[in-house]
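2 protein chains.
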Amino acid sequence: MRYTRVSVGGRAVWGRVGEEDVELLAESPLEAARRPSYPEAGPTVIGTVPLTTATWLPVVVPPVFYAVGMNYRRHIAHARAVQPTRPEVGYRANNALTGHRAAIVRPAGVRGRFEAEPELVAVIGRTLWHATREEARSAVFGWTIGNDVSARAWQHEDRTFWRSKNSDTFKPMGPWIETDVDALAQTTTLRVNGEVRAAFPTGDMVFDPFDYIVEITRHITMHPGDVLWMGAEATCQIEPGDTVDIEISGIGVLSNTVRGETTERHQQS
Amino acid sequence: MRYTRVSVGGRAVWGRVGEEDVELLAESPLEAARRPSYPEAGPTVIGTVPLTTATWLPVVVPPVFYAVGMNYRRHIAHARAVQPTRPEVGYRANNALTGHRAAIVRPAGVRGRFEAEPELVAVIGRTLWHATREEARSAVFGWTIGNDVSARAWQHEDRTFWRSKNSDTFKPMGPWIETDVDALAQTTTLRVNGEVRAAFPTGDMVFDPFDYIVEITRHITMHPGDVLWMGAEATCQIEPGDTVDIEISGIGVLSNTVRGETTERHQQS
Numbered sequence: 001m002r003y004t005r006v007s008v009g010g011r012a013v014w015g016r017v018g019e020e021d022v023e024l025l026a027e028s029p030l031e032a033a034r035r036p037s038y039p040e041a042g043p044t045v046i047g048t049v050p051l052t053t054a055t056w057l058p059v060v061v062p063p064v065f066y067a068v069g070m071n072y073r074r075h076i077a078h079a080r081a082v083q084p085t086r087p088e089v090g091y092r093a094n095n096a097l098t099g100h101r102a103a104i105v106r107p108a109g110v111r112g113r114f115e116a117e118p119e120l121v122a123v124i125g126r127t128l129w130h131a132t133r134e135e136a137r138s139a140v141f142g143w144t145i146g147n148d149v150s151a152r153a154w155q156h157e158d159r160t161f162w163r164s165k166n167s168d169t170f171k172p173m174g175p176w177i178e179t180d181v182d183a184l185a186q187t188t189t190l191r192v193n194g195e196v197r198a199a200f201p202t203g204d205m206v207f208d209p210f211d212y213i214v215e216i217t218r219h220i221t222m223h224p225g226d227v228l229w230m231g232a233e234a235t236c237q238i239e240p241g242d243t244v245d246i247e248i249s250g251i252g253v254l255s256n257t258v259r260g261e262t263t264e265r266h267q268q269s
Numbered sequence: 270m271r272y273t274r275v276s277v278g279g280r281a282v283w284g285r286v287g288e289e290d291v292e293l294l295a296e297s298p299l300e301a302a303r304r305p306s307y308p309e310a311g312p313t314v315i316g317t318v319p320l321t322t323a324t325w326l327p328v329v330v331p332p333v334f335y336a337v338g339m340n341y342r343r344h345i346a347h348a349r350a351v352q353p354t355r356p357e358v359g360y361r362a363n364n365a366l367t368g369h370r371a372a373i374v375r376p377a378g379v380r381g382r383f384e385a386e387p388e389l390v391a392v393i394g395r396t397l398w399h400a401t402r403e404e405a406r407s408a409v410f411g412w413t414i415g416n417d418v419s420a421r422a423w424q425h426e427d428r429t430f431w432r433s434k435n436s437d438t439f440k441p442m443g444p445w446i447e448t449d450v451d452a453l454a455q456t457t458t459l460r461v462n463g464e465v466r467a468a469f470p471t472g473d474m475v476f477d478p479f480d481y482i483v484e485i486t487r488h489i490t491m492h493p494g495d496v497l498w499m500g501a502e503a504t505c506q507i508e509p510g511d512t513v514d515i516e517i518s519g520i521g522v523l524s525n526t527v528r529g530e531t532t533e534r535h536q537q538s
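Taken in sequence, the protein lines are chains A and G.
In terms of the numbering used here, the first sequence is numbered consecutively and its last residue is 269.
In terms of the numbering used here, the second sequence is numbered consecutively and its last residue is 538.
By construction, these hints were calculated from the structure, which means they are not laboratory data.
Here the structure is a predicted model, which is why all the values come from computation and not from measurement.
Yeah, the Cβ is synthetic: ideal placement off N, Cα and C, and Gly gets one too.
Do not rely on the hints blindly, as some may be mistaken.
[Unchecked claim] Rough simulated footprint, nothing fancy, chain G against chain A, three-plus residues with beta-carbon under 8 Å:
#, segment
1, 160 to 170
2, 217 to 227
[Unchecked claim] Here are some chain G residues pointing at chain A (derived, C-beta under 8 Å):
#, residue
3, V333
4, E357
5, V358
6, G359
7, N363
8, N364
9, P376
10, D427
11, R428
12, T429
13, W431
14, R432
15, S436
16, D437
17, T490
18, H492
Start from the sequences, fold in the hints, and give me the full structure.
Laid out in structure tokens, this is it:
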């Protein structure tokens, strides 16, 4: 099943994605999934919008937005970085989230490398504390795609990632949450204006999502809707005017355009 | 005015704090404040609970939880750190929030210094982007108190602050949001078991909250309910069994007890 959120009359509504339409749902499938009757009954459908005209929102606004740094073997080798010996996590900020097909805005002050990072994202479906690996596995509601857009000069000159990775629109996430996929057996492909710029096995990680969830929940309660972004093996430069597509086989394609900052107020979602 | 959230029948309800009771409100004052009729009408009162029996929740669950590091002149001098030349911000995670009078749980794995950090907190009341200093000033809905509990060994050995500052219960915030106070002209006092362990002028900062809001909103949209924790001049060790009080004159007292982790599931809020 594929779940997402779309904007209907300015309001965020959960939807189930079909071949031609998004079926609008009366409630969050993350809530519905916690009831004993799910998935037989499923959430009530209250309308539809065609895929072609849907306004896609970030698939969820997470209570906590976890992000993994150096986690792909070849990325670590390429960067001549030290391989992590335990799964450690960082954070991103919700203001930066934007949806499938929305614009990534490059701020006027950005100089140097401005890059896309194609990432697998786990969406948590249950409250978890001191999880075993099996509990971690069954607590993942589904999988989506993230683009960890990064302004490298700011990343190097700032004490934290606050503006290099968390400026508005720097975190596209979507197009939907896929609940039925072996997410670690897929291929991640990054395309700019249709040209392949990177492709790598989605699962070639030092620590997988379940390792992270086990480690995080030793000290931290995870909640339904929390997201865990899993890092990237490769990145590429993006420019205003570009269209950036991130495909993860078995999940879908997250597509966004890039534009330069104008004085005009940019779209929030 | 003093606003807070309390737990009523297991649900979070906004309240207005009086001399003897918390008046329960039909809606968030952060929402009500955006209507033209506010503050004359104010939110509808739907009940009361006595102060003595109230179950205090974190005053807000922020869309984004901003935190300032080295920001007090004497703290920087004492740590022999380099004084920041611009206002840079980091993040904390909502899972770590807990309320006034709730327990701070010291995880079983913590070794070495386990400390309280008494902080002034600004609560944002409006959507802000490219704010002037005057807009920043008028966008602060009110002020509360935070305890940035920190496990120093983890802080030094980990790549990020994920467990050193974001383990469950490490971020008490409360007891309420005070809307009528000159927050930078107050005194912050840290007491353990009634004994004063630190006291400093709340406003002796390198960059004040409005400097931070102006800088953040150059790249980031801030939203109602966002919180900005302003750092501390001094910290002190805390142990299971201790009662930690942080007082900021003109705002109130945030009081929490400390206990060691047990195998039992600890209280979430």
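Quiz item: Under the criterion of a CB-CB separation shorter than 8 Å, is G/G359 in contact with chain A as hinted?
Solution: holds (5 Å)
Practice problem: Test coverage of the segment 217 to 227 of chain A by chain G using CB-CB distances below 8 Å; three residues minimum. | Solution: Answer holds; 6 residues pass the 8 Å Cβ test.
Quiz prompt | Restraint satisfaction for G/N364 [CB to CB of chain A, less than 8 Å] | solution = At 5 Å from the nearest chain A Cβ, G/N364 passes the 8 Å test, so the hint holds.
Practice problem: May I ask you to test the interface hint for G/D427 with respect to chain A, counting a Cβ-Cβ separation under 8 Å as satisfied? | Solution: G/D427 check passes; min Cβ-Cβ to chain A is 6 Å, inside 8 Å.
Quiz prompt | G/T490 as chain A interface residue, shortest Cβ-Cβ below 8 Å | solution = Nearest chain A Cβ about 5 Å off; hint holds.
Quiz item: Under the criterion of a CB-CB separation shorter than 8 Å, is G/N363 in contact with chain A as hinted?
Solution: Holds: closest Cβ of chain A sits about 5 Å from G/N363, inside 8 Å.
Quiz prompt | Hinted contact G/V358 with chain A - closest CB pair below 8 Å | solution = holds (5 Å)
Exercise. Would you settle whether the hint for G/W431 is holds or violated, based on the nearest Cβ-Cβ distance to chain A being less than 8 Å?
Key: Given a least distance of 5 Å, the restraint on G/W431 holds.
Quiz item: Given G/H492 as an interface hint, is the shortest Cβ-Cβ distance to chain A below 8 Å?
Solution: holds (7 Å)
Exercise. Identify whether the interface hint at G/R432 stands, where standing means a beta carbon of chain A within less than 8 Å of its own.
Key: holds (5 Å)
Quiz item: Is the interface hint for G/R428 satisfied, with its Cβ closer than 8 Å to some Cβ of chain A?
Solution: The hint holds - G/R428 has a Cβ within 8 Å of chain A, the shortest such distance being about 5 Å.
Quiz prompt | G/T429 as chain A interface residue, shortest Cβ-Cβ below 8 Å | solution = holds (4 Å)
This entry satisfies every hint, going by the numbered hints stated previously.
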